[in-house]
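Protein sequences appear in the order of chains A and B.
In this text, residue positions in the first sequence follow our numbering: the first is 1, and each later residue adds one.
In this text, residue positions in the second sequence follow our numbering: the first is 1, and each later residue adds one.
It should be emphasised that the hints constitute simulated quantities derived from the structure, not laboratory data.
This structure is a prediction, so every number in the text was calculated from the model and none was measured.
We put the CB at the ideal spot given by N, CA and C, even for glycine.
Heads up, some of the hints might be wrong.
Below 30 Å or equal to it, Euclidean Cα-Cα: the simulated DSBU-like pairs (lysine-lysine) are [as the list claims (entries may be wrong)]:
| # | chain 1 | residue 1 | chain 2 | residue 2 |
| --- | --- | --- | --- | --- |
| 1 | B | K348 | A | K51 |
| 2 | A | K68 | B | K311 |
| 3 | B | K427 | B | K446 |
| 4 | A | K51 | B | K342 |
Cβ pair distances, simulated, as ranges [as the list claims (entries may be wrong)]:
| # | chain 1 | residue 1 | chain 2 | residue 2 | range |
| --- | --- | --- | --- | --- | --- |
| 5 | B | E154 | A | T6 | 51 to 59 Å |
| 6 | B | E142 | A | T101 | 29 to 37 Å |
| 7 | A | A52 | B | A299 | 45 to 53 Å |
| 8 | A | N4 | B | R14 | 51 to 59 Å |
| 9 | A | R103 | B | T254 | 28 to 36 Å |
| 10 | A | N4 | B | T254 | 29 to 37 Å |
| 11 | A | S45 | B | H437 | 49 to 57 Å |
| 12 | B | S174 | A | N39 | 46 to 54 Å |
| 13 | B | G343 | A | N4 | 17 to 25 Å |
| 14 | B | Q228 | A | R28 | 29 to 37 Å |
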Amino acid sequence: MTLNVTVAINEGIAHISLDGRFDFNSQRAFRSSYDGPLNDHEIHSIEVDMKAVDYLDSSALGMLLLLKERVEAANKSLVLANCRGTVKQVLDVANFHKLFTIR
Amino acid sequence: MRLTSAPQDSVQQRLKILVADDAESNLLLISKFISTLGHTPLLARNGVEAVKQFECAAPDMVLMDVVMPVMDGYQAAIKIREISQHHWVPIIFISAKTEEAEQAHGLSIGGDDYLPKPLNLLLLEAKINVMRRIAGMQRQLEENAQQLQTYQREAEEEQRTAYTLMKRMIHTESLNDPALRYWVSPAKRFCGDTVAATRSHNNNLYVILADATGHGLPAALNLLPVIQIFYGMADKGFNVAHIAEEMNRRLSGTIPTERFISTVLACFSYREKTIEVWNGGNPGPVLLSATGEILHQFAPRHLPLGILDAKTFDPRTEIFHWKTSCQLIICSDGLLEIENSKGTPFGKARFLEILTSVPAKPRFAALVAAVREHMESNAAHDDISMVMIDCTQLHYPAKLEALAPQPATGHNGPWRCQLTIGAAVAKTLDLAPLLLHHLEAMEIEKTKCDRVVLIISELYNNALDHGLLHLDSSVKATPGGFEQYLALRQERLENLHHGEIETQVEQLIIKNRRILRICVKDSGPGFDFLPHLNQDLSHNVQPYGRGIPLVKGLCKNIRFVGNGNEVIVDYAL
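Between the sequences and the hints, there should be enough to build the whole structure, so can you do that?
Set out below in structure tokens:
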């Protein structure tokens, strides 16, 4: 099972939608999704939509940390959207709400 | 490692081409043609000669007539394939036998192509070029495979060395504690989970379960500084918050952004009947009674280690006070997430169900068995680790009495050191490691150091709690009193602005014997010490009031001076 990543840009916000299993194997797909938006001056905010993520492991959390660092360096904002069920649980255990805006 | 680049299809590349034919005219025609193409012809007039030439001259390609005397082309081709098992050399049959079945036979016994006689030279040139290209690629693959093999051997050797090194650094023998059971199951050879335990000078048991992002060697490497700090600081009795803070400080500068370590750091005091926990990103240790009642869960209150910088790191711990016998179970998320062949995770519900339904004794084994059964024969995709601490097995007083008298070592002359601690410093001071350092410098033997630190810590804590913070220990005896006591202590400590505690340690030589005289004095109003002095430790079932009888048991004598705000004890070295 792999992670499908789609990017849609709308009014200065890049919506990165993830679908499937977000783990170590999704590294390349996930990283390449945000390179474009980060370098785009028109984009001020990045939203990672977790609605269709059914599994999240610690390397996925690591990738989110990396994204956060890049987003901050680019002076943009970051939101993790539609976090429910298992995804929400994993984020809670790691206390990621202290670092991320989670919706 | 770098693989060499693909070979150039250069026209200049000269090939050695073996030509086998019993007809001189054919030999002459083909070898001339090969020479004009810029290659070197090698000649053979039958199969035996062809095999011999092949062995001596190692050609790059073979053009083989089928019908020859002594040994025919097919047999020669079979021999050549036997000789060059690990190195492919293209063989092209050239024959007047042009039936399809014949051609198919030639290819099936090891030929790579089949050209009909009379020979079309244009076609021969094209075939030679094709074979050369394929042979070039083949050679490249062989070289790469060899390089990969070398690389693999080197990597395995390096991993073996790293593995031995890491095993030594994590010294698992400290896990052989009567109070502790553990299980670690790595997903790969190197484990990104680790469990370690150690006893401090005052016999508190420190336990850590750390789970680094990912698995394998990179994950394991990130654990090393954590383990080093754990042993270094826990042995000296640093408090849990300070250890967690130091671990995070060390990691935050060195660990890559996408990596972190989910950690439970716990300290068990048998005497105080407390468990102090710092939990960063672990699913939550569970405390169970002997009958399987969940007494407490230490929720993850913090981010894992290695994410926040020293300024934003939160070292606050949670303290639980237990009253009856109980077990604490800590596991990594790998255990809860492990999937069976249907993809169903083990899950927290199942985890808790087993813990609560199995009695204390077989509890750990039952959980391990259930996880193994759930895994079936699948290899886990994450590291799994679990540790259980049985609070009734922490045995404090028993170990204390077991110390046999040993001849004194160290400096034989007198010395004295004095430490005065004001209110501001008292808020955060970790006294034990500081004392230990001093005493070790005075060359006092390790076990005796530990005793002395214990005595001073007891007296210091009494001075702080009662002299400066005006706390009443009897609060601990009421239901929920211990937690109330701790909360009150924390609150008063934060608001402490006045007062000081003076600690003096002096070595005296009395009748050729070394005596440590310890004096602790606080600026408080003192207390009624007489009832405490006459208490018998073994009959004390109260959750408080053990301090002074314990000190009394360890020392030659104990004296309170003035209103009780000054205490002097002598300890024989």
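Comparing the hints with the structure gives:
Pair hint K348/B plus K51/A holds up; C-alpha atoms about 22 Å apart against a cutoff of 30 Å. Restraint check for K68/A and K311/B: the C-alpha separation of about 19 Å stays at or below 30 Å, so the hint holds. Between K427/B and K446/B the alpha-carbon distance is near 28 Å, which keeps this suggested pair within the 30 Å criterion. Simply put, K51/A and K342/B have alpha-carbon atoms about 23 Å apart, close enough for the 30 Å limit, and the pair holds.
Evaluation of the 51 to 59 Å hint for E154/B and T6/A yields a failure: the beta carbon distance comes to about 42 Å. A beta carbon spacing of about 55 Å between E142/B and T101/A contradicts the range 29 to 37 Å that was offered as a hint. The supplied range of 45 to 53 Å is broken by A52/A and A299/B, whose beta-carbon atoms lie about 28 Å from each other. A beta carbon spacing of about 53 Å between N4/A and R14/B agrees with the range 51 to 59 Å that was offered as a hint.
Remark: the range hint 28 to 36 Å for R103/A to T254/B is upheld by a beta-carbon distance near 33 Å. At about 35 Å, the beta-carbon gap between N4/A and T254/B stays in the expected band of 29 to 37 Å. Between S45/A and H437/B the beta carbon distance is about 52 Å. The supplied range of 49 to 57 Å therefore holds. In this structure the hint that S174/B and N39/A lie 46 to 54 Å apart at CB holds, the actual value being about 51 Å.
At about 18 Å, the beta-carbon gap between G343/B and N4/A stays in the expected band of 17 to 25 Å. A C-beta distance of roughly 34 Å is found between Q228/B and R28/A, which places it inside the suggested range of 29 to 37 Å.
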